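J.: The lines below spell out each chain.
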Amino acid sequence: MSEANKTVQEKLTELSELVAWFQSPAFKLEDAVTKFKQSEALAEEIEKDLTKLKNDIKVVKKKFDSEE
Amino acid sequence: MENVQLSVSDFVALVNQTLEYAYPSVAVIGEVAEFRVSQGKWVSFKLKDAEAVIDCFMGIYQLRVPIENGMKIMVVAAPKLSPKWGKFSLNVRAVKPVGEGSIKKGFELLKAKLEAEGLFAPERKRPLPRVPSRVAVISSTESAGYADFCKIINERWGGMTVEVAHTQVQGDPAADQIIRAIKYFNNQETLPEVLVIVRGGGSAEDLMTFNDELLAREIAGSRIPTLVGVGHEVDHTLADMIADRRAATPTNAAEILVPDRREIIRAAHQQATSLGHQLIQAIDQYSERTKDQLDSAFRRIGEKLDATFEHLGVLRVAIAQLNPDNVLKRGYALMRGELRTGSDIEIETYQSYITAEVKNVRSK
Numbered sequence: 001m002s003e004a005n006k007t008v009q010e011k012l013t014e015l016s017e018l019v020a021w022f023q024s025p026a027f028k029l030e031d032a033v034t035k036f037k038q039s040e041a042l043a044e045e046i047e048k049d050l051t052k053l054k055n056d057i058k059v060v061k062k063k064f065d066s067e068e
Numbered sequence: 001m002e003n004v005q006l007s008v009s010d011f012v013a014l015v016n017q018t019l020e021y022a023y024p025s026v027a028v029i030g031e032v033a034e035f036r037v038s039q040g041k042w043v044s045f046k047l048k049d050a051e052a053v054i055d056c057f058m059g060i061y062q063l064r065v066p067i068e069n070g071m072k073i074m075v076v077a078a079p080k081l082s083p084k085w086g087k088f089s090l091n092v093r094a095v096k097p098v099g100e101g102s103i104k105k106g107f108e109l110l111k112a113k114l115e116a117e118g119l120f121a122p123e124r125k126r127p128l129p130r131v132p133s134r135v136a137v138i139s140s141t142e143s144a145g146y147a148d149f150c151k152i153i154n155e156r157w158g159g160m161t162v163e164v165a166h167t168q169v170q171g172d173p174a175a176d177q178i179i180r181a182i183k184y185f186n187n188q189e190t191l192p193e194v195l196v197i198v199r200g201g202g203s204a205e206d207l208m209t210f211n212d213e214l215l216a217r218e219i220a221g222s223r224i225p226t227l228v229g230v231g232h233e234v235d236h237t238l239a240d241m242i243a244d245r246r247a248a249t250p251t252n253a254a255e256i257l258v259p260d261r262r263e264i265i266r267a268a269h270q271q272a273t274s275l276g277h278q279l280i281q282a283i284d285q286y287s288e289r290t291k292d293q294l295d296s297a298f299r300r301i302g303e304k305l306d307a308t309f310e311h312l313g314v315l316r317v318a319i320a321q322l323n324p325d326n327v328l329k330r331g332y333a334l335m336r337g338e339l340r341t342g343s344d345i346e347i348e349t350y351q352s353y354i355t356a357e358v359k360n361v362r363s364k
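Chains as they are written, first to last, in the working numbering: chain A, 1 to 68; chain B, 1 to 364.
These are computed hints drawn from the structure, not numbers from a lab. As the structure is a prediction and not an experimental result, all values here were calculated from the model. Accuracy of the hints is not assured; some may be wrong.
To be verified - Stretch by stretch, here's where chain A covers chain B in the computed footprint (C-beta under 8 Å, at least three residues):
{"#": "1", "segment": "147-156"}
{"#": "2", "segment": "267-277"}
As the list claims (entries may be wrong) - Derived lysine-lysine pairs resembling DSS-like cross-links, with alpha carbons at most 27 Å apart:
{"#": "3", "chain 1": "B", "residue 1": "K72", "chain 2": "B", "residue 2": "K111"}
{"#": "4", "chain 1": "A", "residue 1": "K37", "chain 2": "A", "residue 2": "K48"}
{"#": "5", "chain 1": "B", "residue 1": "K96", "chain 2": "B", "residue 2": "K41"}
{"#": "6", "chain 1": "B", "residue 1": "K48", "chain 2": "B", "residue 2": "K105"}
{"#": "7", "chain 1": "B", "residue 1": "K111", "chain 2": "B", "residue 2": "K46"}
{"#": "8", "chain 1": "A", "residue 1": "K52", "chain 2": "B", "residue 2": "K151"}
{"#": "9", "chain 1": "A", "residue 1": "K52", "chain 2": "A", "residue 2": "K37"}
{"#": "10", "chain 1": "B", "residue 1": "K113", "chain 2": "B", "residue 2": "K96"}
{"#": "11", "chain 1": "A", "residue 1": "K28", "chain 2": "B", "residue 2": "K291"}
{"#": "12", "chain 1": "B", "residue 1": "K151", "chain 2": "A", "residue 2": "K11"}
{"#": "13", "chain 1": "B", "residue 1": "K151", "chain 2": "A", "residue 2": "K48"}
{"#": "14", "chain 1": "B", "residue 1": "K151", "chain 2": "A", "residue 2": "K54"}
{"#": "15", "chain 1": "B", "residue 1": "K41", "chain 2": "B", "residue 2": "K87"}
{"#": "16", "chain 1": "B", "residue 1": "K151", "chain 2": "A", "residue 2": "K61"}
{"#": "17", "chain 1": "B", "residue 1": "K80", "chain 2": "B", "residue 2": "K41"}
{"#": "18", "chain 1": "B", "residue 1": "K183", "chain 2": "B", "residue 2": "K111"}
{"#": "19", "chain 1": "A", "residue 1": "K63", "chain 2": "B", "residue 2": "K151"}
{"#": "20", "chain 1": "B", "residue 1": "K125", "chain 2": "B", "residue 2": "K113"}
{"#": "21", "chain 1": "B", "residue 1": "K72", "chain 2": "B", "residue 2": "K87"}
{"#": "22", "chain 1": "B", "residue 1": "K183", "chain 2": "B", "residue 2": "K113"}
{"#": "23", "chain 1": "B", "residue 1": "K105", "chain 2": "B", "residue 2": "K46"}
{"#": "24", "chain 1": "A", "residue 1": "K62", "chain 2": "B", "residue 2": "K183"}
{"#": "25", "chain 1": "B", "residue 1": "K72", "chain 2": "B", "residue 2": "K46"}
{"#": "26", "chain 1": "A", "residue 1": "K61", "chain 2": "B", "residue 2": "K183"}
{"#": "27", "chain 1": "A", "residue 1": "K35", "chain 2": "B", "residue 2": "K291"}
{"#": "28", "chain 1": "B", "residue 1": "K183", "chain 2": "B", "residue 2": "K125"}
{"#": "29", "chain 1": "A", "residue 1": "K62", "chain 2": "B", "residue 2": "K151"}
{"#": "30", "chain 1": "B", "residue 1": "K329", "chain 2": "B", "residue 2": "K364"}
{"#": "31", "chain 1": "A", "residue 1": "K58", "chain 2": "B", "residue 2": "K183"}
{"#": "32", "chain 1": "A", "residue 1": "K11", "chain 2": "A", "residue 2": "K28"}
{"#": "33", "chain 1": "B", "residue 1": "K183", "chain 2": "A", "residue 2": "K63"}
{"#": "34", "chain 1": "B", "residue 1": "K125", "chain 2": "B", "residue 2": "K104"}
{"#": "35", "chain 1": "A", "residue 1": "K63", "chain 2": "B", "residue 2": "K96"}
{"#": "36", "chain 1": "A", "residue 1": "K6", "chain 2": "A", "residue 2": "K48"}
{"#": "37", "chain 1": "B", "residue 1": "K151", "chain 2": "A", "residue 2": "K58"}
{"#": "38", "chain 1": "B", "residue 1": "K48", "chain 2": "B", "residue 2": "K84"}
{"#": "39", "chain 1": "B", "residue 1": "K96", "chain 2": "B", "residue 2": "K48"}
Virtual Cβ for every residue (Gly too), placed ideally from N, Cα, C.
Based on the provided sequences and hints, a complete structural model is requested.
T.: If you want it as structure tokens, here you go:
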């Protein structure tokens, strides 16, 4: 899935995974700069996504005043 | 009518027809006495005031708020004369406690009943998704509570599909409408992730809808996890007690339903920044470790050099001791040539070379 198609939730999960990687035995200084840049980009994207997202609120047409 | 002769059956039927025409539905307020439930199906009691009393009958399924003797209630009923017993009574369709004391009593009785069935047990409560994408809402779309709820969810979060079932949230039809709306959402092919029921503040009587037994049971039986925010902070209804999650108000329901996007954004940036700090820290640690390793390597080289020089000194001394000059210095001489009588030999001392003739050679 490309970055653009990911949901905010997926991006948040990815950011958490990056944070976890920094504290895990898998941490390697050689890769850390790239991962840090990824985390900064993700934080930016999350901000952008969350700022522009709107809710779709619709009232259902069905009436509930009697059994149908 | 005096000249018309009727059988008893016809007369009773005529009276009932007249009653049905004149009083199809009456609302009567009085105090409950001699309350009884027969065969688990039929409810009978007397409704009385200071000067009169009337018998009342109803099916137990119609009794949506428990009642007991002494409670003041209003019944919605049809008057009827029983052909079999010749007794005048009310066929009750609905019962509603009247007055603060009775409302409270009815609430306590039903609460105890549902509690005994374990419907409020914490282990029944299901967690709500942290960030739902599809939400069902039941409320009056004209109410202030609904407006507050929408305002807060839009401020806090986005990207959700919110389906709203508009129902009355007070008055007699409200409980049944809400029950139908719950069934509607529960019968959808793809269920919403959360079912939210909201209503703003009101009097105890206004909120009575949410103390209805059938509504409480419908909420308890919902396949969709429920969040109920009814009234103000201090109001407790059976609907919110039985829900998976209680909200104090509609605004609080919105706050429980979705996280605050501003907090999430702040937290995301904080996480990225903290990784930057961790990266700098890691680089510092690596530099420190490399410096220590270099120091240690230099130390080891120095030690090796010292040991080599020391060894060299010893060798020097040994070599010096083996130098023939030093032996000659001590008075010894070095002889070269053939050891044969009459031959010439060369003798080297520390300071001179001497040529001599061999006079005699004998074994030692």
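J.: Are the hints correct? Go through all of them and say.
T.: Right, here's what the structure says about each hint:
| no. | hint | verdict |
| --- | --- | --- |
| 1 | 147-156 | holds (count 3) |
| 2 | 267-277 | holds (count 7) |
| 3 | K72/B with K111/B | holds, 18 Å |
| 4 | K37/A with K48/A | holds, 17 Å |
| 5 | K96/B with K41/B | holds, 19 Å |
| 6 | K48/B with K105/B | holds, 18 Å |
| 7 | K111/B with K46/B | holds, 24 Å |
| 8 | K52/A with K151/B | holds, 16 Å |
| 9 | K52/A with K37/A | holds, 23 Å |
| 10 | K113/B with K96/B | holds, 17 Å |
| 11 | K28/A with K291/B | holds, 19 Å |
| 12 | K151/B with K11/A | holds, 26 Å |
| 13 | K151/B with K48/A | holds, 21 Å |
| 14 | K151/B with K54/A | holds, 12 Å |
| 15 | K41/B with K87/B | holds, 21 Å |
| 16 | K151/B with K61/A | holds, 22 Å |
| 17 | K80/B with K41/B | holds, 20 Å |
| 18 | K183/B with K111/B | holds, 23 Å |
| 19 | K63/A with K151/B | holds, 24 Å |
| 20 | K125/B with K113/B | holds, 18 Å |
| 21 | K72/B with K87/B | holds, 23 Å |
| 22 | K183/B with K113/B | holds, 23 Å |
| 23 | K105/B with K46/B | holds, 18 Å |
| 24 | K62/A with K183/B | holds, 12 Å |
| 25 | K72/B with K46/B | holds, 12 Å |
| 26 | K61/A with K183/B | holds, 15 Å |
| 27 | K35/A with K291/B | holds, 26 Å |
| 28 | K183/B with K125/B | holds, 19 Å |
| 29 | K62/A with K151/B | holds, 24 Å |
| 30 | K329/B with K364/B | holds, 26 Å |
| 31 | K58/A with K183/B | holds, 18 Å |
| 32 | K11/A with K28/A | holds, 22 Å |
| 33 | K183/B with K63/A | holds, 13 Å |
| 34 | K125/B with K104/B | holds, 25 Å |
| 35 | K63/A with K96/B | holds, 25 Å |
| 36 | K6/A with K48/A | holds, 13 Å |
| 37 | K151/B with K58/A | holds, 14 Å |
| 38 | K48/B with K84/B | holds, 23 Å |
| 39 | K96/B with K48/B | holds, 15 Å |
The structure fails none of the hints (numbered hints given earlier).
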